[in-house]
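Whole structure, please, built from the sequences with the hints as guidance.
Top to bottom, those sequences are chains E and Z. Sequential numbering of the first sequence, starting at 1420, is according to the numbering used here. Sequential numbering of the second sequence, starting at 8, is according to the numbering used here.
Note that these hints are calculated values from the structure, not bench results. Treat the hints with caution; some may be incorrect.
Derived lysine-lysine pairs resembling DSBU-like cross-links, with alpha carbons at most 30 Å apart [said to hold, decoys possible]: (1) Z:Lys-69 - E:Lys-1469; (2) E:Lys-1469 - E:Lys-1495; (3) Z:Lys-164 - E:Lys-1588; (4) Z:Lys-169 - E:Lys-1582; (5) E:Lys-1473 - Z:Lys-164; (6) Z:Lys-169 - E:Lys-1469; (7) E:Lys-1451 - Z:Lys-164; (8) E:Lys-1516 - E:Lys-1598; (9) E:Lys-1469 - Z:Lys-46; (10) Z:Lys-69 - E:Lys-1582; (11) E:Lys-1510 - E:Lys-1548; (12) E:Lys-1660 - E:Lys-1451; (13) Z:Lys-69 - E:Lys-1451; (14) E:Lys-1475 - Z:Lys-66; (15) Z:Lys-46 - E:Lys-1477; (16) E:Lys-1598 - E:Lys-1552; (17) E:Lys-1699 - Z:Lys-164.
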Amino acid sequence: MFESITEKLQGIFKNLRGQGKLTEQNIEETLKQIRASLLEADVHLEAIQKFLEKIKQKSLGKEVALSLTPGQVFIKIVQSELINILTPKDKTSTRLKFAPAPPTLILLAGLQGSGKTTTAAKLAYYYKKDGRKPGLVAADLIRPAAIEQLEVLASQIQVPIFKPAAGEKAIEVCIRAVKSALESNCNMLILDTAGRLHVDESMMSEITSIAQRVKPSNILFVADAMAGQDIVRVVTTFHNKLHLTGTILTKADSDARGGAILSITSTTELPILFVGTSEKMDGLEPFYPDRIASRILGMGDILTLIEKIEKNNEKQQLDKLKLAQAKSFNLNHFLDQLRQLKKMGSLQDMISMLPGDVQMKNQIAQNAPNEKKFNQLEAILLSMTPQERQFPQLLDGSRKKRIAQGSGTRPEDINILLKQYDLMKKMMKNENHAEKLLRQMGMNAFPKRPPF
Amino acid sequence: MAFFIEKLKRGLKKTADQISQSWNAVINYRTTPEIDFNKLEETLLLADISLQTTENILKTLKSRIESNSSKSNDSGFIVEQLRQILVDKLQINNQRGPLSESTIILLVGVNGVGKTTTAGKLAHQLTHQGRSVTLVAADTFRAAAEEQLTQWASRVKVDIVKGLENEAPATIIYKVLKNFSERTQTIIIDTAGRLHTRVGLMEELKKLVRVAEKMIPLTMLEKWIVLDANMGQNAIHQVEEFHQGIGLTGIVLTKVDGTAKGGIVISLADRFHIPIVYLGVGETMDDIIPFDAQEFVSALLPKAG
Ligand SMILES: Nc1nc2c(ncn2[C@@H]2O[C@H](COP(=O)(O)OP(=O)(O)O)[C@@H](O)[C@H]2O)c(=O)[nH]1
Ligand SMILES: [Mg+2]
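Have a look at this one:
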């Protein structure tokens, strides 16, 4: 199957690591990989080009000195820019527009098979639960049994339905429904229209006339999450003719990466109101830009992972800075460091979140900080008084004995710890030796750095 | 037949125009005699041909141009080579004989791609070939699905078999096939749309196929996946999952009458050996045509010369 972007990103990170900063050169390769990944996600080529240009600008100007790996900084930029495109400038635009005088109208438009009828019923169900009084209007007179389909759904969710009478046209049933909505105790109408091709002139003018006639405050484009590149042309035509107010992404429960939605927002800037996530009536969810962003990138867990590590890194950096200021490294600091490491010691978890090579993962897992050892060291340190930790030179034979007893260890273990502490103290002067240090402490935390 | 081909061409004309436009940009032979491969790459990618397939195509094209260096400025030659590469890809998979005299065609695919419509159109087309066709409504899930197929059956004047209330699709098919060997006929089974990621629904489909395979000779069973030309790279996942699940014997590509290029079938040809059997080119009963690689690619690319 597709090489997942996570695998690619591992490669990217490997390449970027240790280079200190993002340069035009090392970014070029990465941009190529991102492009490939966005193509696999069906993002339209032009949208990709626009996107990459932005990423490039942002990255090259970015200060990365404080960060441990430029790769992490870079991918964060990519992610936040994606979210940026998917988040409408006007936050309120993702909400339905309620007409000043009811009924509020929602007109659904889109290609054949995009999921309009199901979505119409889901919307009715959603707003019914929200305390409104929606009605459904069957205005698809083209597809056989489209009216019956809506009828079945309407009775399932128990909302009124307006159907065309014999000989009535789509526009006529819409007009009639709007006129009689209030009488029928509906303050909201959802108009289900026939699927149509954007190049079908007569069908496009049919829906345009409906829109001009009933003036819906919401005209929503229903787009299939599995759509390819051409969706840009489709939505552009619909938008030009209809002045859409938003989109709904359907079939998001597929494993499609959903790049279509990025193409749509990037070309039309239309807000995304809902995402369809199942065939059931309650399968309609609000849109979360961050979720879709990582889905489009296909990154899933890797972002969580990066966040975790970044948090740890930041903290470690801070600690180191504090340390340097204090200029005295005592066992209290040692304990702090240890706890930091231990937190990362849920490394096992983190590793299991990593995509890719099982063998590699096992190797890392084997060499990951040993919980037992950590706990032992911690127990020893905690059996000391704060004063002893601050002034390790206080630790004579009898104190060591007491500490060993208190921590369930042998006095030799205390000596080993003190040696490790000495070593660390020396090493702390040179941050770059942190890794070597860990290895000498027998922890071997990062034999090979995790592949990200 | 000429009518059908006309229809396909019309359907693909917009595409061809667009590709011609890009093509003109591709070969700007006055100022630079070199081909702009970036532009060409864009053209192929915009048709939903995957990046990998696109790169393969370009590699092949480049090497053909290199071994014919005297023609490296000849846009006619280059277009013809490109056409040939695409046709070859599609044709490898399309060596298949005619449908057997008695045939069961099972239509499968994700939601909304055009399975029911294709069932209706196929029934019409095969009736015209002198077959006795029966439609089977095995979509017991979608609201009014049976009603939709019933309307198609009466529109194209063929018999339809429906299940009883709450009858499982496998049971419906079992009942239909019980009498199958007794006479020569063609049966087209419309199934519920299912996302390839839904394990339960895929199991239901497998069961249904197992039932059919026990009851009739394998050569009589056609398992066709219906794909929408508007679909992007996910079509590859779809084919992979359905193929793994039930062993597909054909692909029907629908909605070719839009501007989407359905280039995904070219990527599919790289991975699977499943012939493309029909194209859907509209919503009326006549809007179906047998797939022809030459025609498909010709309608997609500008004429050589
Ligand atoms: N333009 C066009 N529309 C099609 C074609 N095939 C199917 N459709 C439409 O696509 C929609 C979904 O079709 P349907 O057969 O119900 O899909 P199913 O859910 O897979 O059974 C309907 O509105 C059909 O009229 C085609 O070849 N061209
Ligand atoms: Mg159907």
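Query raised in the report: So which of those numbered hints doesn't the model satisfy?
Result: Going through the list in order, the structure violates hints 5, 6, 7, 10, 12 and 17 and respects the others.
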